[in-house]
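S.K.: Chain by chain, the residues:
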Amino acid sequence: MLGRTLREVSAALKQGQITPTELCQKCLSLIKKTKFLNAYITVSEEVALKQAEESEKRYKNGQPLGDLDGIPIAVKDNFSTSGIETTCASNMLKGYVPPYNATVVQKLLDQGALLMGKTNLDEFAMGSGSTDGVFGPVKNPWSYSKQYREKRKQNPHSKSGDSDWLITGGSSGGSAAAVSAFTCYAALGSDTGGSTRNPAAHCGLVGFKPSYGLVSRHGLIPLVNSMDVPGILTRCVDDAAMVLGVLAGHDPKDSTTVHDPINKPLVLSSLADVSKLCIGIPKEYLVPELSSEIQSLWSRAADLFESEGAKVIEVSLPHTSYSIVCYHVLCTSEVASNMARFDGLQYGHRCDIDVSTEAMYAATRREGFNDVVRGRILSGNFFLLKENYENYFVKAQKVRRLIANDFVNAFNSGVDVLLTPTTLSEAVPYLEFIKEDNRTRSAQDDIFTQPVNMAGLPAVSIPVALSNQGLPIGLQFIGRAFYDQQLLTVAKWFEKQVQFPVIQLQELMDDCSAILENEKLASVSLKQ
Amino acid sequence: MAAPVLRRGCRGRLWALACVDGGSCHGRGAPTGSPSNRIRGQSSVAQQPLHTAQKPRKGEHNWAAVVGLEIHAQISSNSKLFSGSQVRFSAPPNSLVSFFDASLPGTLPVLNRRCVEAAVMTGLALNCHINKKSLFDRKHYFYADLPAGYQITQQRLPIAVNGSLTYGVSAGKERGQVIPKTVRVKQIQLEQDSGKSLHDDLRSQTLIDLNRAEGQLRVDANISVHHPGEPLGVRTEVKNLNSIRFLAKAIDYEIQRQINELENGGEILNETRSFHEKLGCTVSMRDKEAKQDYRFMPEPNLPPLLLYDATSLPIGADPRQVIDIDQIRETLPELPSVTRERLVQQYGMLPEHSFTLLNEVGLLEFFQNVIKETRAEPKKVTSWVLNIFLGYLKQENLAVSESPVTPSALAELLDLLDSRTISSSAAKQVFEELWKREGKTPGQIVSEKQLELMQDRGALEQFCYSVMKDHPQVVMDVKKGNPRAINKLIGLVRKATLNRADPAVIKEILEKQLSS
Chain A
1 MLGRTLREVS
11 AALKQGQITP
21 TELCQKCLSL
31 IKKTKFLNAY
41 ITVSEEVALK
51 QAEESEKRYK
61 NGQPLGDLDG
71 IPIAVKDNFS
81 TSGIETTCAS
91 NMLKGYVPPY
101 NATVVQKLLD
111 QGALLMGKTN
121 LDEFAMGSGS
131 TDGVFGPVKN
141 PWSYSKQYRE
151 KRKQNPHSKS
161 GDSDWLITGG
171 SSGGSAAAVS
181 AFTCYAALGS
191 DTGGSTRNPA
201 AHCGLVGFKP
211 SYGLVSRHGL
221 IPLVNSMDVP
231 GILTRCVDDA
241 AMVLGVLAGH
251 DPKDSTTVHD
261 PINKPLVLSS
271 LADVSKLCIG
281 IPKEYLVPEL
291 SSEIQSLWSR
301 AADLFESEGA
311 KVIEVSLPHT
321 SYSIVCYHVL
331 CTSEVASNMA
341 RFDGLQYGHR
351 CDIDVSTEAM
361 YAATRREGFN
371 DVVRGRILSG
381 NFFLLKENYE
391 NYFVKAQKVR
401 RLIANDFVNA
411 FNSGVDVLLT
421 PTTLSEAVPY
431 LEFIKEDNRT
441 RSAQDDIFTQ
451 PVNMAGLPAV
461 SIPVALSNQG
471 LPIGLQFIGR
481 AFYDQQLLTV
491 AKWFEKQVQF
501 PVIQLQELMD
511 DCSAILENEK
521 LASVSLKQ
Chain B
1 MAAPVLRRGC
11 RGRLWALACV
21 DGGSCHGRGA
31 PTGSPSNRIR
41 GQSSVAQQPL
51 HTAQKPRKGE
61 HNWAAVVGLE
71 IHAQISSNSK
81 LFSGSQVRFS
91 APPNSLVSFF
101 DASLPGTLPV
111 LNRRCVEAAV
121 MTGLALNCHI
131 NKKSLFDRKH
141 YFYADLPAGY
151 QITQQRLPIA
161 VNGSLTYGVS
171 AGKERGQVIP
181 KTVRVKQIQL
191 EQDSGKSLHD
201 DLRSQTLIDL
211 NRAEGQLRVD
221 ANISVHHPGE
231 PLGVRTEVKN
241 LNSIRFLAKA
251 IDYEIQRQIN
261 ELENGGEILN
271 ETRSFHEKLG
281 CTVSMRDKEA
291 KQDYRFMPEP
301 NLPPLLLYDA
311 TSLPIGADPR
321 QVIDIDQIRE
331 TLPELPSVTR
341 ERLVQQYGML
351 PEHSFTLLNE
361 VGLLEFFQNV
371 IKETRAEPKK
381 VTSWVLNIFL
391 GYLKQENLAV
401 SESPVTPSAL
411 AELLDLLDSR
421 TISSSAAKQV
431 FEELWKREGK
441 TPGQIVSEKQ
451 LELMQDRGAL
461 EQFCYSVMKD
471 HPQVVMDVKK
481 GNPRAINKLI
491 GLVRKATLNR
501 ADPAVIKEIL
511 EKQLSS
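Chains A and B, in that order, are what the protein sequence lines are.
Here the first sequence stands for residues 1 to 528, where the numbers follow full-length UniProt numbering.
Here the second sequence stands for residues 1 to 516, where the numbers follow full-length UniProt numbering.
Excised from the complex, chain B in its bound form (with noise of 0.2 Å):
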């Protein structure tokens, strides 16, 4: 790498991160499954370190794997974790820089007050022991986008340590059965992100952009694998992963990789490894230098971060100094785990569905709108937001805020399906149309379009006559009890009423006037 090109007066931005240690396993819980779900499995261990893996093979030991997770999240936050300057997505490179931000000589930190909230409520809803005194620390290394040479950190005393997620897997056999599992978090940390460096190869530059990275995760995973009841492996650190996808795979393919190491009689070096996102394997990184000693040492000039609640609130303090844990706690929302356990109680959802509904932002209160202003059954509209509805948005890459369809209209469009006044595959067409942002309601849709179910039982019983009397073959097959050959008449019948027609009622016309 050759010299980076910036100069004083070039601007850029910090971010904050919060780092969770994931927990691990040690060789406990037996392990389950075929050879081949020693991969599968694995592959769900984004939501699953304390996956293990097994090596079926008659007389020799099994595999557990170990895996660690340290996640680096930005805070959303105005300004950065240690200075007034901004934090915009996509902002010009080095046009939010403080002077703090570009290390000049003498300037200082000054922590973020919304980024210690966010680090707070974090650890509350991680289920965190918060530490009302916790300290900063400085992390000494040297490259291009650190420009002071230090990184402000908290190794010593984090903010919040010994937390704990509970969450479900789908991996049972039964469709929608949900494993509970729980992760250990070790720690929540408030740390300063570096900046971002951009190297021009042909030209021989790195060009360092201080606005800081850009990215809103980035994962480190740490493996390893041993034979239960045995110490734990040597343990590799797969660096920079930015997609629950990517890190999934990486660890599926570093824990393959370091039991083929083992059987084949090779050893696993401690270093750390990068992510092929085309190959889909892990490289090692080759650090050029040796260990890095990153010469901690206290921040001296951050005081210990002081964090109060209800009972050690000093009295008379200014509410502008202080933080109270109580009081953030308060402002706490429901957390996801309880959500979805309500929404499985409520409505009698599949517990997978609950997961689609809370992981897509602004769906759950869109889903919640449509029941609020429809007659139809909880399952129904379930169905119609998770399939139809998500369906759309996805394959126009939409956010729910972005939808053309408000959950009034599709309240009213399922209020038409339960009470069959159209049927369900007029309600699809009803709702392409929506989708076209016409500004015409449901029934304006229906009447024009004249989606309504006939009524008429006379008129449909005519209908069923004459597609009978048309295919006879057909009819033949029925009576010589081939079960699937009704589903051809209704859809004849159906296609003949231009889809107006109840199959349920064509069924009964039909199934009335083949036996008699």
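Chain A on its own, in the form it takes in the complex (with noise of 0.2 Å):
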């Protein structure tokens, strides 16, 4: 039952196969089991027992209030939860207990959803590992794999043991590892440059980013206000646009949510052929660092469109190379102003210091935040600053419409869709993530992912195939603003032709029997 897609269990659910509570306890054992991958910061167990005692009355009365009710869901630690602490997996925000819910976390209760808990991430969403937290990195669950073992066996050169585990990639590491090692059904993340897509792709899994102004930001911890969207982590494409379903739409506390999405997404209908659309693929996208093996899945997924009767065209976005320098600036910038509220007076953590308020403030600051979050205040406040302000924020302004521009002109030239990479490589060994600091390899792992929060675009990471490690490797689809739907059609289309294979962890588990249905899980995949 764990395996299965969230689609799948909530008609489980609706038969009476099983119950919500049933269900509920699976998944907290399951959590209990993989408490080593440090996937959540906080279970909420209590919450989540009793949403589902509620549930479980609402379907004996035959009265569920959706396709979520009874389905357990995580949510990302940056995401306010009424009365459940929220940390952002930072000192400066430990204790905290928000008094309000975000609106996604709000609609996904509202539907009915079970709240299994929060997910880890590098510290305010600053990273691309999920390793830079202040409760310690995620261990990606592929490490565990049936698959990735299977292949290092064969490899002389590989270390035994555990020291070798895998990242997650990041910075909604917690919540891929969470979908990806069955402990609940979907998740949220968020995205600012990448963050939901990039674990995606590490742990196998769907992770979608909608249209900036498609989904409520209210009570998401910002990073960057204008790039953060609340993102998606599920099993499959079905289960994302499901979950999108009952997220999007306008939020009277949200100003930058749209009133009228051009298209509001349903459920999915299923593409019969692809030969009214037109695939475009970024030649600038194609760089020296990706892995050739990312490179030669890329081309054969081309092939398959074209195949298929897709028209699959080159296109250049030209101005590709200087967004994460832009970025830099305009992230930076905003996390300088983000930050700025925590200061110890009202919420979160407060020194011992007294002397005075400025230097309460500055040894708060530097007790709460650590070295990646105060590198980047430093940063922005140096570009905020009067006689910057012109040479680097104003100027990355600039190259961001440049950089949203390029992709207009893409989708004005007939694309519908564009398909790249969403990472250089494979989920990497920890050991070897951490060779370099967390700026460097934000620079590096943003770089398929975060021109597209520059343009405010929808995007989704689709797991395509297992590389000769035998690890995941995720596709990027790229969709012009508000054609999410249209985007995930193609992504659904898409997935139902590669038959990604189920991550195989009975090794991991093998007392945990009700997830030992080996042949179901195999069979849980991405057929419906």
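There's no promise every hint is true.
What the hints assert, rightly or not - Pairs of lysine-lysine residues, derived as DSS-like cross-links and limited to a Cα-Cα distance of at most 27 Å, are as follows:
| hint | chain 1 | residue 1 | chain 2 | residue 2 |
| --- | --- | --- | --- | --- |
| 1 | B | LYS394 | A | LYS386 |
| 2 | B | LYS480 | B | LYS449 |
| 3 | A | LYS386 | A | LYS311 |
| 4 | B | LYS181 | A | LYS386 |
| 5 | A | LYS398 | B | LYS133 |
| 6 | B | LYS139 | A | LYS398 |
| 7 | A | LYS33 | A | LYS50 |
| 8 | B | LYS394 | B | LYS278 |
These are calculated hints, taken from the structure and not from any lab test.
This one's a predicted model, so the numbers in the text were calculated from it and none came from an experiment.
Two chains, two separate frames, one set of hints: put the complex together.
M.R.: Okay, structure coming up:
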């Protein structure tokens, strides 16, 4: 049951094959079993069981709230949850219990979803590995998969033991690990430069970043307000669409949400043929750092579309190479501003120093933030200084416009959807990953995902195949703004073609009988 | 300052500010007046920021002062600029604070429509150009009463620009002579207010009230002096002036201080100063931090504020979603300058009286209601409303709406006066009775107290005769040609009649009797 998709388990609940409480307890027990993954910062066991109980009553009365009623979900720990600690994986917010729910959380709860817990991340979502949070790094469940372990045994150079576990990618690595390890059916991430799509690619999941303005940010503790979007991590495209259907829409509490999205997504149709589609392949995304395996998969994916009758053309997004540096200026500037409220006065951490307010601010912020956050605050304040503003911030905004226009031009040339890699390589071992600092890693890892945030477009990472090492590889589809439904429809067709294998975690959970229906797991798949 | 004690869960409120930068003079206009005029003239600087000061010493340059005002005015709205929580005067501290007001992480600003409408209306009233697109910015600084670490304002592209306000200053030689002046308005911007800090020096604590500050008006004045024709001088900023009187005093003081400083070979520092209300002087605030860099950046959570007019209004637009400038223009009341002009024209009122009528809330309406119901001359009505009625109100510190005397009662009283049924001193007596709220009409009071003027000429003649008989010395004075002596006789007769006689009639009878 745990290995099923959201849609399948929703049907099972409706048919009474399983009750919400049973489902909740299975997930809770698996969360405990996989605690070493460090996917969750807070497990909201009592809340989830209470919600399950209420859901069960509704099912008994034949009045479930919707498709998500009784479905275990997890939420990244940078979404405010009423009565549940929300830390952003930072000392600064340890012990902070918000008095309100983020709009997206409330919408899920209104549908009867069960909140299993709050997932791990890089501190304040600043990172691409989920390694830089105060609660420690998240381990990629694929590190313990049969697929990866078997490949490793064949490699005489590989070390034995657990020391070479893999990162999940990030910053929504906790959410990705939670869904990937079957502890919930969907999870909320956030996506500012690729934070949902990157870990989705590394963990073999669908990672969807909606159009900016389609989904409310109210209650999402911001990284970069002008780029942040709540992201959705699921096991298949249909599940992502189902969750998006619940989350999308104008929120009076977020003035940047649109009133009339061009296409409010509901249920995806199955695309019978792709002959009317035009797929764009941005030539600037073919960079030397791209692993040959991913490059070849990318190319085969393009061939697949072409062989099925789609028009596949090369397009140019000429300002792509400026995106990361531009992002650095805009991101750190907004970070400097957004982090200003964390002063120890009203909530969160406060140091013991009380000789003056200024000294208290300084010490609180030194103790509360890690080096990455402090570094970005420092850079951002530098860029916003009166003498630097024109040279940095204003220029970066202009470059951002050029990058956004690149996409507009590509779509105006007749392209429906762009196809790109999501990451440069498959997930790397933690010990490998931390050889570079956070800034270098973020700059490298966000290269394919981050321009999309500059332009506010919808994008989705779809797991395509396993690498030679037995690790997932994802490809990214990018759509026009507010053409989220069209984008997901194309992604769904592609998902069906590639038949990505299900993670086999039996070695990890060999005494967890409930999920050891291996054959069943295998059949979870992407077929409906 | 010790660490503020506010912790999560405290509440407060927010208000909006409209900011008006006063225009400035660039050495235009010839300096006028005597040395004493330099200060005297500046005292009305609140209405006259373009005033020039003079250095009269022979052979030396004159001084010109330049004053610019930043006026923070609270918008009268039910809820705050960016949150749904209420605005209420003197609410308990931190009782009106939304999660946004407390800057809880993840909260977002939502612009209050009423505040935008008020800003547009203010812009129209001040002859501004209304920007159909305006933007919001963040202004950063760390202070305990600024919980987000930044303030949302409109620095780059404000809602209204380039306005002007024409007004009159009674400064001429003749009474009631009004000199027209114009002040330029640089911009009007919507701005979130910070919280209020309460410093407890005993406990070394600062308490924060996030209900936000409670003054209705706060002005920062930028002041510099220079010699006409030369570049502008270095300016100082006098912060947080909360009354027109203090504003005028502070500017006067600061201009004089700067002139003295420069004439004594000193220099003016570009600094912020505060006005010491008791000593009547400005003092340097000695900011601990050097130059503040507010690190302005666009507020990413508020899209550009778009306004429409009749020509640009999108077809089929939801009226709840759009703000129509033309529609707001239609709801604009008659502006004070127009009303004042009308009063002067219509009732032959002195311009200064028209100012007084408009400056007191409800007074104009009261005046107009009296006019409507009485036969008395407008000049008489003006005099009674501004002298007697307003005097009583001020003495008891009452608003017009709290007056015990209704416009109808005053109208009736003035009719009695107009028809010479009572004397003007009796009328004042009746007014005093009316003020006691005993529910009696002026007619009732007059008859109860027997205040009617004596209409019996024969009886009056008898009173005059007796008075003249009893005061031969005064009669002698009159006959010797002392013109004021007759007034004494009139007074004595009035007293004898218990103020019930018309002085004009007494005078006539006395003159007749004296000349006979």
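S.K.: Tell me, in ascending order, the numbers of any earlier hints that this structure violates.
M.R.: 1, 2, 3, 4
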